[in-house]
Amino acid sequence: MEKIKIKYLSDKIERLRYIDGKSDWIDLRAAERVELKKGEFQLIPLGVAMQLPQGFEAHIVPRSSTFKNFGIIQTNHCGIVDESYCGNNDQWFMPAFALRDTVIEVNDRICQFRIFAHQPTLTFEETDDLGNEDRGGLGSTGKQ
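Residue numbers (full-length UniProt numbering): 1 to 144.
Quick caveat, the hints were computed from the structure, so don't treat them as lab data.
All values derive from a computational prediction rather than experimental measurement.
Don't take every hint at face value.
Computed cross-link-like contacts, PhoX-like style, restricted to lysine-lysine with a CA-CA straight-line distance of at most 25 angstroms [what the hints assert, rightly or not]:
| hint | residue 1 | residue 2 |
| --- | --- | --- |
| 1 | K38 | K22 |
| 2 | K68 | K22 |
| 3 | K38 | K5 |
| 4 | K68 | K37 |
| 5 | K22 | K37 |
Assemble the whole structure, with the sequences as input and the hints as a guide.
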């Protein structure tokens with residue numbers, strides 16, 4: 001079991017918890033009330049700073065209900081936080097773009113994260129033939 005040191009930068013949000021058997025993703029919450037008009041961008045503070053284990057990174061993505069509930073999309077689609085971003089004030093944020101007028105309240109669950117081991121060292125070997133059957137091109141899976 002990996003341990004993650006966490007510093008809460010807001011006393012208004014619920015504490016994070018891992019629920020074994022439910023999901024590998026951990027919900028993150030808005031640490032302040034945010035009002036956005038259609039077309040506006042804002043970094044939404046998530047109220048936490050963490051020290052991830054060496055060799056790991058966090059991937060932050062919207063929850064499946066985020067767009068439906070709040071009309072926002074995450075502008076980088078997947079945020080990556082590596083273990084070097086671990087200072088007391090290295091707060092996590094969700095970069096959000098509003099597609100409609102919206103209000104996000106303190107403690108609203110707006111995104112989620114999980115940690116992954118860093119990619120192993122890779123080398124690339126150039127070839128003229130990959131030796132595999134073609135699948136039919138982009139978007140071809142399941143076509144008859």
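Verification of the hints:
Taking the CA atoms of K38 and K22, the gap is about 34 angstroms. The hint is violated against a cut of 25 angstroms. As the CA atoms of K68 and K22 are separated by approximately 22 angstroms, the hinted pair is consistent with the 25 angstroms bound. A distance of roughly 37 angstroms separates the Cα atoms of K38 and K5; the hinted pair therefore is violated under the 25 angstroms criterion. Taking the CA atoms of K68 and K37, the gap is about 16 angstroms. The hint holds against a cut of 25 angstroms.
For the hint pairing K22 with K37, the CA-to-CA distance comes to about 34 angstroms; that exceeds 25 angstroms, so the pair is violated.
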